[in-house]
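Trainee: Based on the hints, put chain R in the right spot on chain E.
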Amino acid sequence: MTAESNVLIKVKNLKMHFPIYRGVIRRQVGAVHAVDGISFDVHQGETLGLVGESGCGKSTTGRTILQLYKPTAGEVYFKDTNLVKLRPEPMRLMRREMQMIFQDPYASLNPRMTVRDIVGEPLMSFENHTGKQIDERVAELLDLVKLNKDFSLRYPHEFSGGQRQRIGVARALALQPSFIVCDEPISALDVSIQAQVVNLLEELQEKFNLTYLFIAHDLSMVRHISNRVAVMYLGIIVELADRNELYEHPMHPYTQALLSAIPVADPVYSEQRHRILLEGDVPSPVNPPSGCRFRTRCPIADAHCAEVTPEWREVRPGHYAACLKI
Amino acid sequence: MTDQLLKVQGLETQFKTPEGIVHAVNGVSFHLSEGETLGVVGESGCGKSVTMLSCMRLVACPPGKIVAGEALFKGVDLLKMDSEDIRHVRGGQISMVFQDPMTSLNPVMTIGKQLAEPLMLHLNMTPEQARNRSIELLGMVGIPNAGDRLKDYPHQYSGGMRQRVMIAMALSCNPQILIADEPTTALDVTIQAQIVELVKRLRDELGMAIIWITHDLGVVASIAHRVMVMYGGYIIEEANVKELYANPRHPYTLGLLGSLPKINELEHTKLFSIEGMPPILYQKPVACPFAPRCIYVKEKCWSSNPALEEIEPGHRVACWVDTTTGSEH
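Protein chains in written order, with the working numbering: chain E, 1 to 326; chain R, 327 to 655.
Chain E with its partners taken away, still in its complex shape:
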């Protein structure tokens, strides 16, 4: 098998700019460069972790891949189909293959729908199921996510955060998709519940050969669940590699700083390790810095970094980074 045939999702130079309008006649005065030219592949059956700080564009990337936003430029291939060019009806049918799990299990479930209606809704839109068939399938799905199937007539407010997230997972699985975007699925949950949901996602992946794009800001959890990890900063991917390679040999100064900032539950280790403290905050994506975007906070940047935009290149086999200093 060639490497190419193994690719499920291929993102090419994807850009997503949100226009900013001002004044009485709503003239466009600028744009938020949320995603600004990123390219990567997601392989069949793998989990690609996407990490970065808030506002770096990681959620926008997930949503743009699923065509929940219409991208400003670039291409997204699912197997051989370019989703960006797809007309609405074929795109709608394509959504069976691609689902999403959202961050906030309180906001992403309709409070006026029962669990059966929430989980069964995709079946109503796509399958010609009878009511009884839907009941059966919903029961099966609840069983999969380890929720009691007798709860199917309850409403979301009767469940805890972890249970709601399981409902969200059941809904995403209803149409047997092959690709799921997990947008911070555990960050709203308590520590002891996070492990439950992560273990569930891993079991389901193994059972159904699912492919995940796992978006998160918890770097330890991303290392745990991912096969490969991409690091985003201000709308671009700065580094991408296998998880062990990335965590053991980070090359981009931003990745290095990010990894050194992770709080580690080990007081002895915390004392010994060297922390790279970044100065200041992330610049505004309306007006990203020239050249390398990280240069305003980078500990090793010089004048050259302001002029030249670093090229995205393979530094070692399978290890990509965009930095002039590597």
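It should be emphasised that the hints constitute simulated quantities derived from the structure, not laboratory data. For every residue, glycine included, the Cβ atom is placed at its ideal position computed from N, Cα and C. There are no misleading hints in this set.
Some chain E residues judged to face chain R by a derived CB distance under 8 Å, without partners named: (1) Glu-53; (2) Ser-160; (3) Ile-193; (4) Ala-195; (5) Gln-196; (6) Val-198; (7) Asn-199; (8) His-217; (9) Arg-223; (10) Pro-263; (11) Ala-265; (12) Asp-266; (13) Val-268; (14) Ser-270; (15) Leu-278; (16) Asp-281.
The calculated lysine to aspartate or glutamate pairs, modelled on EDC-like cross-linking and capped at a C-alpha distance of 20 Å, are: (17) E:Lys-146 - R:Glu-601; (18) E:Lys-12 - E:Glu-46; (19) R:Lys-526 - E:Glu-271.
Mentor: Using the frame of chain E, we list chain R on its own:
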């Protein structure tokens, strides 16, 4: 003992809700020494914030009510002070930093005004003195061009900078105790690291004691001297930070630490997960509150609730089972 700055004994707080009385804090006793940093760890609803809010008398009453206990601050019971006196302690000798820097700052007041307010109130400074001290404080927490930025409103500051302002405000009257309630939870990791380093530096410079409330076992490991773990309104384990992480004894602490992925894991291992979910206590439990989720559970755990007992000097655990052997104590 003289070096005990704060000594809390048998604190109990309840909330009246339509579903019944919720027992949020169920007889919590602990102390804080001068210059010490105490980490308080637990999941949402375990009573960690309510414990500290009770000590400061900031629990809304009704629905909340402190039913028992005392909180001695340098020998004086905070729970029995009249409201005028406690107002002088709050923000003066004991100050707090809250989780969300956006909602705890007043959006229609400039940063300068908000900083000057406690200074004029507690330290009787003139507006001019307060302004100079505010500039000094903002400089201390690392905000550049402090003089110009006093005129700004909170929305003109980023999240990390707002939290710095909160810290500056809390430190403005030279408190002896700083209570930080999840101060870094809303922030990104690189900003979180900045704030933790800032608080550590200020602690060493100013010599204050800190109570750091969090659910993040990682942050606590890097800042606390001593850690208390809370569950269902009880302290279930307490020890020196190194002892707790190296030698956790309560099944809940073991479970929490086990459910965290290791940042240096090379081989993929399945995470340990604690099944079930934390309880809401409508009655004071007769059994151990953790029993329904515990993997070490024994007959005895269902009939009586273990007290917090010292198993080694400075290491207290509330459990009937010795988790190193799996048998009863």
